[in-house]
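A.B. asks: Residue numbers (UniProt numbering), protein chains in the order written: chain A, 1 to 203; chain B, 1 to 203; chain C, 1 to 203.
Heads up, a few of these hints could be off.
Intra- or inter-copy, both count: the list cannot distinguish identical chains.
Simulated pairs of lysine-lysine, BS3-like, Cα-Cα distance not exceeding 30 Å [what the hints assert, rightly or not]: (1) 54 with 83; (2) 54 with 25; (3) 54 with 80; (4) 87 with 146; (5) 80 with 25; (6) 87 with 192; (7) 146 with 54; (8) 54 with 192; (9) 54 with 87.
The hints are simulated quantities; they were obtained by calculation from the structure and are not laboratory data.
Everything numeric in this text was worked out from a predicted model, so none of it was measured.
Given next are the chains, with one letter for each unit.
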Amino acid sequence: MFYFIIDILGTIAFAISGVLVAMDKRLDAFGVFIIAFVTAVGGGTLRDLLIGIKPVGWLNAPMHLLIIVITVLLAIIFVKQLKYVRKSLFLFDTIGIGLYTMVGVEKGLAADLPPVMCIALGTITACFGGVIRDILCNEIPVIFRKEIYATVCILGGLVYFLLIQFPIQNTIAYSMAIVTIIIMRILAVRFKISLPNIYREKT
Amino acid sequence: MFYFIIDILGTIAFAISGVLVAMDKRLDAFGVFIIAFVTAVGGGTLRDLLIGIKPVGWLNAPMHLLIIVITVLLAIIFVKQLKYVRKSLFLFDTIGIGLYTMVGVEKGLAADLPPVMCIALGTITACFGGVIRDILCNEIPVIFRKEIYATVCILGGLVYFLLIQFPIQNTIAYSMAIVTIIIMRILAVRFKISLPNIYREKT
Amino acid sequence: MFYFIIDILGTIAFAISGVLVAMDKRLDAFGVFIIAFVTAVGGGTLRDLLIGIKPVGWLNAPMHLLIIVITVLLAIIFVKQLKYVRKSLFLFDTIGIGLYTMVGVEKGLAADLPPVMCIALGTITACFGGVIRDILCNEIPVIFRKEIYATVCILGGLVYFLLIQFPIQNTIAYSMAIVTIIIMRILAVRFKISLPNIYREKT
Chain A
1 MFYFIIDILG
11 TIAFAISGVL
21 VAMDKRLDAF
31 GVFIIAFVTA
41 VGGGTLRDLL
51 IGIKPVGWLN
61 APMHLLIIVI
71 TVLLAIIFVK
81 QLKYVRKSLF
91 LFDTIGIGLY
101 TMVGVEKGLA
111 ADLPPVMCIA
121 LGTITACFGG
131 VIRDILCNEI
141 PVIFRKEIYA
151 TVCILGGLVY
161 FLLIQFPIQN
171 TIAYSMAIVT
181 IIIMRILAVR
191 FKISLPNIYR
201 EKT
Chain B
1 MFYFIIDILG
11 TIAFAISGVL
21 VAMDKRLDAF
31 GVFIIAFVTA
41 VGGGTLRDLL
51 IGIKPVGWLN
61 APMHLLIIVI
71 TVLLAIIFVK
81 QLKYVRKSLF
91 LFDTIGIGLY
101 TMVGVEKGLA
111 ADLPPVMCIA
121 LGTITACFGG
131 VIRDILCNEI
141 PVIFRKEIYA
151 TVCILGGLVY
161 FLLIQFPIQN
171 TIAYSMAIVT
181 IIIMRILAVR
191 FKISLPNIYR
201 EKT
Chain C
1 MFYFIIDILG
11 TIAFAISGVL
21 VAMDKRLDAF
31 GVFIIAFVTA
41 VGGGTLRDLL
51 IGIKPVGWLN
61 APMHLLIIVI
71 TVLLAIIFVK
81 QLKYVRKSLF
91 LFDTIGIGLY
101 TMVGVEKGLA
111 ADLPPVMCIA
121 LGTITACFGG
131 VIRDILCNEI
141 PVIFRKEIYA
151 TVCILGGLVY
161 FLLIQFPIQN
171 TIAYSMAIVT
181 IIIMRILAVR
191 FKISLPNIYR
201 EKT
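This is chain A alone, in the form it adopts within the complex (with noise of 0.2 Å):
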């Protein structure tokens, strides 16, 4: 039930992410729509691709298709109004990449695949979404280029694999490392940490 309420959460604030992008770029109605659909289950599609896992995720959540198709609507509605809860998207967006993030490490178990797979599948799972996003909207993804959730994704994967070679339980384990991905983002927005910069001149 927790767990079911948090991926709806996080699918609304990935869902409004793209409504944003969608409606910056001045595209129509159904154009905001595959937007906010793309970045909501984006991720996930992508991993289920490449593992193989069919029919792809969302063709067997109508209910997900719903919620997104609600949100769209009412993001457009209340556009202006959406800057007063900013603070509130931003956190079920963290909560969602820490979730999406193990959901694809234990997709990727799942499959037998290698620790390194799993980390990389999750972190595709919670950052795909958007890469796809800032493509359809014709964007480098920004991701690439500033965001540093992607690195935040890898981090608690590492986290999940060093703490299961401990006497603990999974599910604990599992938590512990989508805790660390919420407070490690946190951390890296509030104190502006980004990548090491790997140009010698200046940008």
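On the provided structure of chain A, position chains B and C as indicated by the hints.
C.D. replies: Below, chains B and C alone, put in the same frame as chain A:
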């Protein structure tokens, strides 16, 4: 046989739309061919990937490949004359969209997916070749900005699922859905119907 | 063993080409890594998805991932020195293209696909990593505009299917196709051969 002819005409119309966009971007012959090919088969390919049909359809359809190769060659040679057949092209394109929508719906039904997802797959089949075409040409997909044919596909799918609630033959419902899509699209283009504007300020 | 070394050298050359494009766009370290990774494994991934091989190859190749990580780190550090090894890189890249084309052809044969589709899959394996790289970097793929290596891959595939009509060993036909691709590409680059211009007006 009838079905077969529509499929070929639709493929040709889709491929030509790809050629026109690609030549507008001044791609070389290989680029023009790939864009034409992707426009023609991209929607069905994405659908097959999402459902998990393997291999994707076109890998077993060398004839489609041949038709697209010939279409591209002719379209490059007679590009200046293409404007004289614009109305025929629009008609083939529209018939193709109607047919492909229902092909996608059928594949979804064959995979035991819920009606709303079958409609989604129908729309993807008919419309996402054009989306991939625009992405490869570095444009925001035209269907997200002003074209309305996705909406028409969704409505056509709805008509089908409404009709099969009644005691009528499946093939009749199927054909009526296709005809609905064709008529709605022609009307929409003729009367310049578009989705309601979702932006308050002027664009 | 020989095959293995070529594969590694090709992966390194592809990854470096990704690093160069990504650094040109001033992506951050994570972005540079993803672009390098996608350039190296994207073509094979797309091929595996289209055929329905699951999971896609790289999910079971942690060594490739490691090699790409090391390549990216070294390439970022020694980016200024890369120009001194440009000729070696071109050679590795060309050998990689030859090899990957035939790997793709083989996977197509193993999936019982018609020769023309095997050639298509070979070309996709060799060339579409670069296509995805360019899309993620918000560029029209260079291969659609001026590079000719797709054509070279197609010709190499044709050579293979011609040769196996004759009573010669499969491995010989395989190797000769690879050598054909390598020689043709070197000649094409040396003599600046490109596809015939399809536009009447000057560009």
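A.B. asks: Taking each numbered hint in turn, which are not upheld by the structure, reported in ascending numerical order?
C.D. replies: 1, 2, 3, 7, 8, 9
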